[in-house]
Structure formats: C-alpha cells, structure tokens
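**Student:** Residue numbers (my numbering), protein chains in the order written: chain A, 1 to 728; chain B, 1 to 155.
A portion of the hints provided could be inaccurate.
Claimed, not checked - Rough simulated footprint, nothing fancy, chain B against chain A, three-plus residues with beta-carbon under 8 Å:
no.	region
1	391-402
2	475-486
Said to hold, decoys possible - If we take Cβ atoms under 7 Å as the criterion, some of the chain B residues that face chain A in the derived model are:
no.	residue
3	W23
4	D30
5	K32
6	G37
7	I40
8	Q42
9	W89
10	I90
11	D124
12	T128
13	C133
14	A137
15	T141
Just so you know, these hints were derived from the structure itself, not from any lab.
Positions of the beta carbon are idealized from the N, C-alpha and C atoms, including for glycine.
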Amino acid sequence: MKTRFACKFEPARRRFLKQSAAIGGGLSVGFNIPGALAQKPGAAVEINAWVVIRPDDAIIIRYARSEMGQGSMTSAPMLVAEELECDWRRVKIEYASANANVKRKRAWGDMASVGSRTIRNSQEYLRKAGATAREMLIAAAAQQWGVPASECSASNSFITHGAGGRRLSFGKVADAAAKLEPPKDVKLKDPKDWKLIGKSVKRIDIPDTVVGRQRYGIDVQLPGMLYAAIAQCPVFGGKLKSMDASKVEGRRGIVKVVPLETFVAVVADNWWRAKEALRDVHIEWDVGANGNVSSASLMEFYKGGLDVQSDVATARKDGDFDQAFGSAERKIEAEYYTPYLAHSCLEPMGCTAIVKDGKVELWTSTQNAEASLAVAAATAGVPLENVEVHRVQLGGGFGRRGGAQDFVRQGVAIAKAMEGTPVKMLWTREEDTQHDFYRPASLVRMKAGLDGSGKPVAWYSRVAATSIFETLARVPLKRPFAPADGVDPQSVASLYDLPHAIPNVKVEYAQRTAHVPVGFWRTVGHSQNPFVRESFMDELANAAGKDPYEYRRALLANSPKDLGILEATAKAAGWGQPLPAGVFRGIAETEAYGSYTSAVAELSVDKNGEVNIRRLVLGIDPGYAVNPDNIQAQMQGSSVFMLTAMFWGEITIKEGRVEQSNFHDYRMMRLREMPKVEVVLAPSGGFWGGVGEPGQASIAPAVCNAIFAATGKRVRSLPLKNLGLTLA
Amino acid sequence: MIELTVNGRKHNVDVEPEMPLLWVLRDVLDVKGPKFGCGIAQCGACTVHLNGEPVRSCSVPVSAAANHKVLTIEGLAQRGQLHPVQKAWIDHEVPQCGYCQSGQIMAAVALLAKNRDPSDQDIDAAMTNICRCGTYARIRTAIHAAAKTLKPTKA
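Could you put together the complete structure from these sequences and hints?
**Tutor:** Okay, here's the thing in structure tokens:
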C-alpha cells in the first residue's frame with residue numbers, strides 16, 4: 001500500500017510536538033490526544049463515542065485499548081468500519097482518552113489489552129457502534145431528501161436513495177445525524193456480507209515505525225523535563241534502610257536524590273547521568289524475611305504442595321478418580337515442572353509524569369490506561385478526573401504492563417517529589433529483569449489409569465503454584481470467577497477444562513504463596529499447563545502403544561472444535577507420512593482464550609543435543625479471523641516467544657533475589673535460530689477467539705513430544721538447556 | 001565540545017566524552033529513533049551507522065563518534081523517498097510492536113550496502129538484533145525483497 005499512511009508521518013510528527021508543547025503551557029487534562037478534534041476545532045462531528053466524521057469525509061474511529069504489536073489498533077476499528085460502511089482508505093484511528101472515559105461514565109468501556117480479549121470482548125459493542133452511526137447517517141440523509149430511511153442505504157462513505165439514485169457523502173450529513181436520537185436496536189450484518197472483516201488489512205501503525213516516528217513511552221520529550229533512574233530493593237518485599245548520596249552531590253547534572261520506601265531515585269538532566277550517579281549512591285536495604293530464599297528452597301515449598309492433605313482445593317471432579325485409578329489395568333504417574341519467566345519487553349519499564357496543582361499527567365507504555373490512571377490518582381492523592389494518561393505505543397507488553405502498575409506508582413511518586421517538573425523515569429534492563437512480575441513456577445503431579453485397551457479411565461492433576469489473581473490482582477478466588485473456591489483459574493488452565501472423554505477426573509490446586517511476585521505472562525496458565533497435559537497424554541499413548549495423533553482423536557470425538565484443529569494441523573503437517581532418517585514428529589492440541597490451536601513439530605536431535613526443528617506447523621481456529629495476515633504474524637511471533645522460553649527461559653533465585661540480569665544471562669532467540677513456521681489458519685466461524693496468546697499453547701508439548709520420539713527421553717521439566725538441549 | 005554530524009547536520013555537544021552515543025542522540029539531540037534495550041550491546045535496538053558501519057550506540061562513547069558521520073533511522077529516507085528496506089518492511093508488514101525495528105532496519109541497510117544479494121546464511125550472520133515479538137521470518141523475507149529492488153534492473 002502506497003498509501004496515506006506512508007506519507008502520514010509528517011502530520012503525526014507535528015501532532016506529537018503539539019501534544020508535547022501543550023504540556024509546556026500548563027496542564028491540559030481532557031485534551032484528546034492524538035487529537036483530530038483538536039486539529040480543527042468545531043469541524044469534526046462526533047456521531048458517537050467511537051465514530052467522528054469530518055466535513056471532508058475523513059472518518060475518525062477511536063480505539064480504546066493498547067497497541068503493543070498485537071495489531072488490535074487496526075483490527076478493532078475494522079469492526080466499527082465494517083458496520084459503518086465507510087471508506088476504509090479515509091479512516092484515521094485515534095486513541096480514546098482515559099480521562100474522558102472517567103468523565104463520560106466509561107463510554108469506551110474496558111481499555112485493557114490483556115487476555116487476548118480486545119476483539120472477542122469488544123466485537124459486539126464496536127460493531128453496534130458502527131451500525132448505530134450508519135443508521136443515524138442514513139436517517140439524516142433520508143430526512144433531507146424527504147424519503148423513508150428504509151429506501152436508503154450506505155456504502156463506501158455515501159448514502160444512496162435507491163429509487164432516485166441521489167447520493168450524499170457521510171461528511172455532508174454528519175452534523176444533522178449527530179443531532180438524532182441513536183436507534184435502540186440495530187441489526188448487525190450477516191458474516192457472509194462482510195467486506196472488511198476477514199481481509200488482510202495493512203496495520204496502520206507500521207509506516208510510522210519504519211521511519212522511526214513511532215512514539216513509545218520512552219520517547220516522550222517535554223520542555224524542562226528531568227530524568228530519573230531508580231534502584232529497587234533487590235529482595236522482593238524489602239525496604240530502604242538508609243542511603244548516603246554524598247558522593248554524587250554537586251556532580252554535573254544531578255538535581256536530586258529521592259529516597260522512597262522501596263527504592264531510590266536519582267533525578268538528573270539526562271538519564272545516563274542519573275543512572276551513572278545511582279551506582280555511587282550507597283544504599284542499605286532491609287531485605288526482610290526472604291533473604292535466604294533460593295530456587296532449591298522454593299522447589300521444596302512447591303513439592304510440599306503436592307503432598308499436603310489440607311489447604312487443597314478441588315478444581316474439577318468427574319466420577320470417582322480414586323476408585324477408577326485403583327482398579328485400572330495400568331497406572332502412569334509423573335511430575336512436571338515449569339520455571340519462573342521474565343517478560344523482557346524490549347522497552348524497559350518507565351513512566352513520565354508531571355504532578356502540578358492537584359493534577360497529574362502521565363505518558364507511559366501501559367496495557368491498561370484505566371488502571372494507570374487509577375494508580376496515578378491514588379499515588380498523587382487526587383481525584384480520578386484530575387488525571388490524564390497520554391497514550392503511546394508499547395515497546396512490547398506480554399502481560400507485564402497490565403495488572404502490575406508498579407512503574408506508574410514509581411513514576412508518579414518521583415514526579416510528586418519534584419512537583420511542577422515533568423520527570424521521565426526509566427528502568428535499566430537489569431532492574432527490568434530483576435523486578436518483574438514473573439510467570440509463576442509450577443509443579444504438577446499427574447496420574448492416569450488405563451483400561452485393558454489402553455484408554456484412560458482415570459485422570460488426576462495437582463498443581464502447586466502461586467496464584468496470580470490473588471497475589472497480584474487481589475481477586476479473591478471465589479466462584480463463579482474461580483472454577484471452585486480457592487482455585488486460581490490460570491493455575492489450572494488447560495487442566496481443569498480438559499476436553500477429552502475421560503470418565504473419572506480429579507484436578508486439584510495447592511496454592512503456594514512464595515515471595516517472588518508473579519504476573520500475567522503471555523498465555524499465562526496456558527503457557528505451561530499444555531506442556532504438562534499434552535506431554536502426559538503422549539506418555540499415555542506411548543504406554544498404550546498407540547499413535548499419539550490417533551489416541552487424541554479418539555478422546556476428542558465429542559469435542560468438535562478441538563478435534564477440528566487437531567485434524568487440520570495433522571493433515572497440513574502430513575502426519576503419518578514417511579520422514580527422512582533421524583527426523584521425528586510430535587503433536588499437541590489445546591484451547592486457549594477462546595481459540596483452538598494445534599502444533600506439529602518435525603525435528604532431529606544430534607549427539608551434541610542440538611535440536612534442529614525442520615518445520616513447525618501451527619494451527620489455529622479463532623472462529624472468525626478478523627485480519628488474517630495479522631493472525632499469521634501473531635502465530636509466527638508466538639513461535640519465537642515460546643521457543644525462547646522452552647529452550648532457555650528460567651529465572652532463578654538466590655538469597656531472595658533474581659540471579660539473571662540482562663540478555664547475556666537471560667537469553668533470547670535470534671533470527672538465525674528461527675525455524676520454519678507454517679501457519680494453518682482454519683477459522684470455522686460462529687465465535688470470536690483471541691489471537692495474541694493462543695498460538696503459544698501447543699508449541700512446547702509438540703516439540704517435547706517430538707524430542708521423545710527422537711531420543712526416547714521424556715521431557716518433564718523446562719527449560720531444555722538444563723537437559724543439555726539447545727536450538728540448532 | 002564534541003562535534004558530531006547526525007543525519008547530515010552538524011552539532012556541538014557539551015557532554016562527558018564517555019557518555020554513550022545513544023544517550024547523546026536521545027536526550028541531548030532529541031533523536032528518538034534509536035532505542036534503549038539493554039545497554040550492553042546485546043539487543044541492537046540502538047543500532048545506528050557510524051561512517052556507514054552498524055554500531056550499537058549504547059556502547060559507543062560519544063568521543064568515538066566525534067567528527068564522524070552518524071546516520072540514524074530518521075536520516076534514512078532521502079528527499080521523502082523511503083529506503084528500499086523501509087519499503088520492504090511496509091510491504092511485508094514486518095514490525096509488531098516495532099520497538100526493535102529501527103535497529104533491525106539499520107542493520108539490514110548496512111548488510112545490503114556491502115552485500116547486494118545476501119544468502120540466508122549472510123542474513124543469519126548479520127542480523128543479530130533481538131526482536132521480542134518474533135518478527136524474524138518477515139525480516140528475512142523483507143531483506144530478500146529489498147535486495148531484489150537494489151539489484152541492477154535486467155533488460
């Protein structure tokens with residue numbers, strides 16, 4: 001597309017400067033940024049919260065959630081445009097304001113980009129907003145012509161009167177349409193009539209990115225702005241005891257050293273000076289009770305969870321597991337472990353804020369602008385209406401920037417200490433690696449009983465892990481949110497919702513609250529439990545002497561969507577067809593975030609432990625596929641994210657603190673290690689599944705099952721580097 | 001005072017000689033395309049060209065760039081015309097979050113300046129920047145596509 005977007009960067013740049021300048025003249029709370037409305041005051045007409053139309057027929061569609069590379073800033077507005085019947089080439093997308101969302105009683109609803117839910121949770125109200133605006137535009141044109149609205153239709157940003165052939169553009173009737181009462185019930189299009197949904201539409205943010213004009217939180221530049229680097233207590237939960245900043249006093253560029261409860265900030269006239277000076281501030285920490293915790297002691301703690309009799313919640317109970325297992329022909333038992341993982345967003349955590357006259361403005365890469373706003377208000381002690389969260393692109397999110405708003409709390413606390421001056425706080429990579437909210441470590445005990453034909457008649461899982469919901473989100477583990485009281489749904493994801501036809505199932509959860517903070521890491525529970533479930537399923541197939549694909553097929557006969565994607569993926573991968581000598585396959589299937597995924601890995605393992613993945617076939621059925629090329633991109637990205645984690649990802653603890661610090665000891669996959677990924681996009685329609693996270697779910701077990709086929713060694717613990725395996 | 005030429009413009013900066021080039025660009029000259037990812041030359045998000053060579057500007061002291069030519073992503077397009085690598089990045093929808101991409105693009109441009117028709121192995125060796133979103137397959141495709149447009153046109 002040689003498009004408007006390619007030439008758009010000039011206005012985008014100006015817009016950013018304008019936004020930056022606005023703060024120089026004082027607070028601009030309520031200012032809509034990026035603001036088409038602000039560019040031509042009075043010229044654009046708001047039809048509803050989502051649709052704004054300019055007299056020149058430019059259509060502005062608002063976007064409320066975040067853009068971190070998942071592509072929703074393009075695909076969510078596509079849903080509005082589909083029903084609006086506007087010319088997509090004239091659509092501009094702008095963020096909805098978090099401050100306006102407070103003042104307008106959440107006119108834009110949930111602003112969070114988490115849980116792969118941007119499309120699936122907002123598709124209905126977005127399509128209705130488009131359809132409502134379209135009906136109002138049609139009604140306004142019909143009124144002007146003095147004809148019944150039923151004789152008019154809309155297409156490509158024009159309203160046409162069927163009989164007379166008269167036409168009016170949206171821009172010509174927008175003013176009149178905005179004054180009409182919105183219709184209560186609008187009919188949404190039949191999916192077969194969709195023109196935009198299902199097309200590979202180019203992402204709107206990419207042209208700015210390739211010229212270096214995309215603006216992330218780290219890029220905010222404000223007049224008079226100072227910069228802060230921080231050091232946090234290396235042991236989680238510890239506090240500042242004392243500090244001595246005399247060595248940096250009077251040093252060039254250093255403005256202030258701010259001691260706060262759990263961290264110390266150095267404020268300077270550029271970030272490098274702040275960071276360098278911080279090394280010379282002598283800090284004593286009160287590390288609290290956790291200074292002796294190690295990975296080994298944590299493992300003992302989790303192991304205890306597998307055997308305790310009390311404080312165990314039952315997530316699922318079908319039939320009588322104990323009886324069926326006791327009388328089973330064959331019994332299989334195994335324990336699986338998945339480690340703590342860091343998010344490692346390439347843009348480290350940060351927050352720029354100004355606190356002035358009882359108001360707060362902040363610029364931060366956030367997955368949840370509403371949560372950022374609330375935390376900023378609480379930290380500064382001001383009402384919600386007095387805070388604006390300016391929206392920027394995120395340099396990666398992966399769950400790190402949603403539930404935990406620690407960086408906002410810190411940024412605003414520093415800005416409060418520097419009242420009236422904007423301060424940009426930025427973490428080092430070392431702080432980022434050592435102060436994450438980690439994907440929880442999890443230890444799982446599995447048991448299954450097979451009948452004489454090898455079919456599983458009894459299935460048991462017990463998970464010992466820290467609860468993300470209870471410790472980070474502070475959501476009580478109660479029904480109906482929890483599968484059962486005391487069960488974190490993410491801790492047992494893919495286990496308690498086992499879709500296989502097994503008559504006696506027991507799934508238990510032993511909550512183990514360690515001091516290591518945990519959070520939502522891309523795909524969350526489905527990033528680890530499918531490895532357990534689908535590897536164990538392979539163990540059962542192997543014990544039964546059955547083909548692992550056919551074994552799963554039989555158990556999924558009554559779960560058509562799981563079965564459908566399993567079959568489509570196996571077919572694309574050529575399951576059962578001969579392979580070259582030394583090459584082996586593994587398969588897995590999992591539902592996650594409303595989408596059904598399956599993976600087939602084809603690989604060889606050499607005597608040095610180098611795993612050469614020749615092909616990774618990755619299938620997904622997301623129901624409706626809104627933007628197919630973007631789904632392809634998410635599947636490719638999910639492959640890199642999961643292969644990185646399963647081969648190398650492991651955060652270890654020593655003396656209560658994280659041992660890894662930067663990319664030299666917390667390794668990321670590089671281009672040369674990227675295997676060939678073939679995506680099988682098989683949308684079966686009728687439902688809306690997520691796409692940002694599900695792709696990861698089936699990859700680890702498919703690869704580990706192929707490693708078993710190749711070596712005879714069952715992988716029950718990740719990462720693979722600890723087993724002497726690496727990616728060729 | 002240290003004299004630097006950034007994207008064809010001369011600047012005199014009054015900073016410590018050991019201050020990394022990245023932070024002079026970002027915090028002193030307001031050139032925000034090069035990004036901070038690790039600070040130890042691991043990730044490559046800060047990649048710029050120093051006299052045509054790709055360098056990790058987080059680990060290059062500004063004194064080493066004195067009187068030399070620095071090219072950042074902002075200076076790549078010439079007279080409003082995108083570089084073929086930038087065009088290929090748009091055509092193949094390479095970026096996801098995009099944070100690493102100015103570094104990736106600068107690394108790719110440097111590779112193609114030396115090697116107009118890189119093999120997959122050449123790309124493997126030259127493209128060592130980290131992309132956390134996992135756009136590697138598209139980076140490879142886009143480099144091959146850009147190489148095609150750079151080759152002399154056949155009659």
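**Student:** Now, for every hint given, state plainly whether the structure supports it.
**Tutor:** Results of checking the hints against the structure:
no.: 1; hint: 391-402; in the structure: holds (count 6)
no.: 2; hint: 475-486; in the structure: violated (count 0)
no.: 3; hint: W23; in the structure: holds (4 Å)
no.: 4; hint: D30; in the structure: holds (6 Å)
no.: 5; hint: K32; in the structure: holds (4 Å)
no.: 6; hint: G37; in the structure: holds (5 Å)
no.: 7; hint: I40; in the structure: holds (6 Å)
no.: 8; hint: Q42; in the structure: holds (4 Å)
no.: 9; hint: W89; in the structure: holds (4 Å)
no.: 10; hint: I90; in the structure: holds (6 Å)
no.: 11; hint: D124; in the structure: holds (4 Å)
no.: 12; hint: T128; in the structure: holds (6 Å)
no.: 13; hint: C133; in the structure: holds (5 Å)
no.: 14; hint: A137; in the structure: holds (5 Å)
no.: 15; hint: T141; in the structure: violated (11 Å)
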